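Quick note, the sequences are listed as chains D and Z, same order.
Numbering follows the working numbering, in which position 205 of the first sequence is assigned residue number 205; successive positions increment by one, without gaps.
Numbering follows the working numbering, in which position 52 of the second sequence is assigned residue number 52; successive positions increment by one, without gaps.
Keep in mind that the hints were calculated from the coordinates and are not lab data.
In this text the structure is predicted, and so the values were computed from the model without any measurement.
Do not rely on the hints blindly, as some may be mistaken.
[As the list claims (entries may be wrong)] Calculated lysine-lysine pairs in the DSS-like style (CA-CA distance at most 30 Å, straight line):
no.	chain 1	residue 1	chain 2	residue 2
1	Z	Lys92	D	Lys53
2	D	Lys76	Z	Lys342
3	Z	Lys248	D	Lys53
4	D	Lys53	D	Lys79
[Claimed, not checked] Simulated coverage check for chain D against chain Z, where a stretch passes if three residues somewhere in it have a Cβ under 8 Å from a Cβ of chain Z:
no.	region
5	8-18
6	88-101
7	123-134
8	243-253
C-beta: ideal position from N, C-alpha, C; glycine also.
If you want the building blocks of each chain, they are given just below.
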Amino acid sequence: MAVAGSSQRASSQFLKRLRSSLPWYPFIIINALVFVLFNLVPWFSMFRYSVLKTDLLSTREFVGLDHFVRMLTDAKLHKAMLNTAWFTLMYIPLLVVASLGVAILVNRPLRGMKAFRAIYFLPNITSVAVLALIFRRFLSPRPDGPLNFLIGLVGIPPQKWLIDVYQAMPSIVGISLWEAFGYFMVIWLAGLQAIPNELYDAAKVDGADGWRLHRYVTIPLLRPTAAFIIVIATIGALQVFGSIFILTGGGPVNATTTVVYQIYNEAFNFGRFGYASALSILFFLIILIIALIQSRYLRFGDDVY
Amino acid sequence: MKQSVLSRRQFLQLSAGVTVTSALAACVAPAAPAADSGDAGMETTTIDVWAYPRTENDGDIVYGPLNEGFHAAHPDIMVQVEVQPWGGRREKLYAAAAAGEAPDIWDATTDTVPAYITKGVILGLDDLLTADDLADYHAAEIDAASLDGVLYMPLIEAEVNGIAYNGGLLSELGYDPATASFQTWDELYALGERAAEQNWYLESLSTFSWGGFLVTVHEAGGQVYTDDRTDSNFLEQPVIDALTRWVKEFQEGWVPLEYAIGSVDEQGGLPDYWLSLEQVTARREDAACVQDVEANPDLEYVIGHARSMDSSITAVSGIVSGQGWAITSQSDAVDAAVTWVKYMIMPEQVGTRANLAGTTPVGNKSKEVWNPAPCTAEYVNRFGPLLFAGVDTNTLWQESKVVAGPQFQAAVLGQATVEEALETIKTEIDALLLEQYG
């Protein structure tokens, strides 16, 4: 009897809990469905296609690991990987420093700071296509191009920017920084505002002021934020595509062809969807390994207090 | 304190209900368009057409009147025209076809078609259209819409490429715009030198303009691909001459340097030096004599002449490039689609469409219905007969563009010699020819 009663109680509690949580399930189900349809299914398809020679339309031939072997001798892929690494190595340090610097500046309790924050965030909500078109004009190689005119004022000769094999990638880095730093500034701001004032007060009592307050309080306490930003920004940097697609088409002479751009080329310009899928798997693994290493060494997710 | 009308729980339930209902509504297939009241009881077939814009509202301006006439003649066929943006059209059709969702009819461009024919996306129409249906077409127009002798997409319009000059700039350079002609490369180079002295550009060249490069090769009397598509001629003299000319023009500063790079499909965001009256000559299409002057009334538009490297070579004006109606192999209403295509390629419909869309029709009789501006008619009459089509225009179009573009950049930016660049292209293109055609 007691067992039956306890089982009935458990069952009625379960039903009660189910009833109380019922309104949440539609939200979860819809998101889960979207995730499965648009992330998980394509993800598994990628593995399936990676062992097929297919243009998705007319041909479908099993080739085993041929695509992965081909990557070893694909000079265009090697160039694209170097370009992607070069972009990431330039982009991440500059992004971290610039967005943190601006976040510290706009975190001051002064009039008009909200307006500055909004202004700095604006490029992030502007279409990358629009930004790219504006920058294409701004970086004109003509001596009277806007940027060449500005650097001419301080005596620097006109540069070719996007047309130059060596300057094209740094130019893309600059444009990408302009687009993204506002977003990361907001994340830094959240981190800065989560630091209790008491810690600054205590540091001041200990004799810290100015830069030393940032050195001994702000920066150490921003470590979790920094870890998050570095991991997320690195993943984003490795996947750079939009600005390159619109601005340079991977040129000049493949100087800005990144891995994602190469994947797009293989798939949509050459119809090699199998090879493009294999490249995507390789790239997924590279990003995964980099993110895991970063998470481990940056102690992503650890508490600091 | 006033009680809230909705409790948190009720609000959540209401939101969840709305979200689920919206999601379900979005997933339900759209209802078939209602048949006209007069057609009650008649079984209708619906066909989907993907088209690309020529006016600010093609749905109403172009396809409204055309489909009204079609529907009156064929009340049992409903036509849904979806006017899509030009950007990403290749990728979108590719994705739709791969997902089995291709439309019945696709407004195809000649440059994107070869790849879709090879992949079986588009139906050959030889058995579906009669000689009478195609009686109004020129041989080159049929050729441009065919592959290996099979017609795939009867054209409805053809862009007539030709050469135009800025008469004002010509006068300032000491030429008489009424009589000046630059029909050989040497004459063009002389014009380039004079233009450079005034800090004007001669013309503009894009390293991803495969069509532009083909025209230059044909001006030099050559052909890029062999007739049987088993080999390429990248190391032959006409192709070397063509790239040498491009390199010369870039290195002399006769063409805007910024056009050396850019998207494979577009050159958005670049200044238009032709319209800003800083460029002496340009390759333009059909009605540009009207549109360009509308855009800048100070432009003195002079229609030029077809050109060749030297007078011993037959001059060409450009490629037969245009739009045509292709029926996709996934269509489950092929008969209805053929009926619509047959109606739309009737000379009077082709001419009417050209009037509505502001384009140039193909064929002869269609031009009797066509009402172009006098300068457009002169342009089309002068350059139309000198257009070319054939193996170069329907072999590896997109692939050639993507393979050659970076190597053209290497040559024009001094990173490689012309021969080195062409050798690299040939190696890659020949491998593609082997892969595609065996």
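Consistency of the hints with the structure:
Taken as a hint, the Lys92(Z) and Lys53(D) pair is honoured in the structure, with Cα atoms around 21 Å apart against an allowance of 30 Å. Distance hint between Lys76(D) and Lys342(Z) is unfulfilled; the C-alpha atoms sit about 46 Å from each other, more than 30 Å. Of the pairs offered as hints, the one joining Lys248(Z) and Lys53(D) is violated, with about 41 Å between alpha carbons and a cut-off of 30 Å exceeded. Simply put, Lys53(D) and Lys79(D) have alpha-carbon atoms about 23 Å apart, close enough for the 30 Å limit, and the pair holds.
Interface restraint, the region 8-18 of chain D with chain Z: violated (0 residues with C-beta to C-beta distance below 8 Å; minimum three). Counting residues of the region 88-101 of chain D whose CB lies closer than 8 Å to any CB of chain Z gives 0, so the stated coverage by that chain is violated, three being the minimum. Check result for the region 123-134 of chain D against chain Z: holds, 4 residues qualifying (beta carbon to beta carbon below 8 Å, three or more required). Three residues within the 8 Å Cβ limit are the bar, and the region 243-253 of chain D against chain Z gives 9, so the coverage statement holds.
When held up to the earlier numbered hints, the structure conflicts with 2, 3, 5, 6 and fits the remainder.
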